[in-house]
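> According to UniProt numbering, the sequence shown is numbered sequentially starting from 1.
No lab work stands behind these hints, which were simulated from the structure alone. These numbers come from a predicted model, not from an experiment. Check the hints yourself; a few may be wrong.
[Said to hold, decoys possible] Straight-line C-alpha distance at most 20 Å; calculated PhoX-like pairs for lysine-lysine:
1) Lys135 <-> Lys111
2) Lys200 <-> Lys162
3) Lys63 <-> Lys111
4) Lys26 <-> Lys63
5) Lys162 <-> Lys135
6) Lys162 <-> Lys26
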Amino acid sequence: MPRRKSATEPAARGRPRAYDTEAALKQVTETFWRTGYSGTSLDKIAAAAGMSPPSLYAAFGNKHALYLEALARYWELTLAATREALAGDRPLAEALMLAYDAALSFYIPRKGAARGCFVIGTAVAEAVEDAEIRKSVATGLRMIDADFEARLCTARERGELKQDADPAALAVLASATMHTIAIRARAGARRAELREIARKATSVICGCPVEADCAATRSHSSMESE
């Protein structure tokens, strides 16, 4: 899911662009996140980006292309945060809780109202009728499953899981937990409540109780901290 590079550098010919496409895309993503793809007009997108419609088209193409760009950007950021949490030699329970904490940093920003997951909140509704959005959603979900499965396979090799544990099945459970806290976040659930759901799921996945303070929330990349 490649994205265009930031257009902060001068063009090969003519004057430098007077806007930062990365900053514009961030603002556009926030707008789609609040009102959804269908509910976001081109005028609203242009206003959020601080660009005229012609400049917006020149940088990103039409509304559909811009949404796909925003969706790809979101996948890029969230997958990187999940992989960072699951990497390293920390215990499985801590790694899983860090992954959920990373997700919560996107779902409940430090500033503004809880918004849940950009994919679940905006893309899932469009995926039924839009093949490109459906492909992006399906690909991203498979990547999340694969990341969890890889970490769970490592945990089984290290003896953190029983030898008869099924990493693929547990990965689906781990992903499903991430999706349910995303939905509940958008419905207004408190962070502490969502983290408790994640802790209980982690206990099931690990096959042992996980303490409530396991892997206390750490700093992760989020849309607002860029």
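> Could you work out which of the previously given hints the structure breaks and list their numbers from low to high?
1, 3, 5, 6
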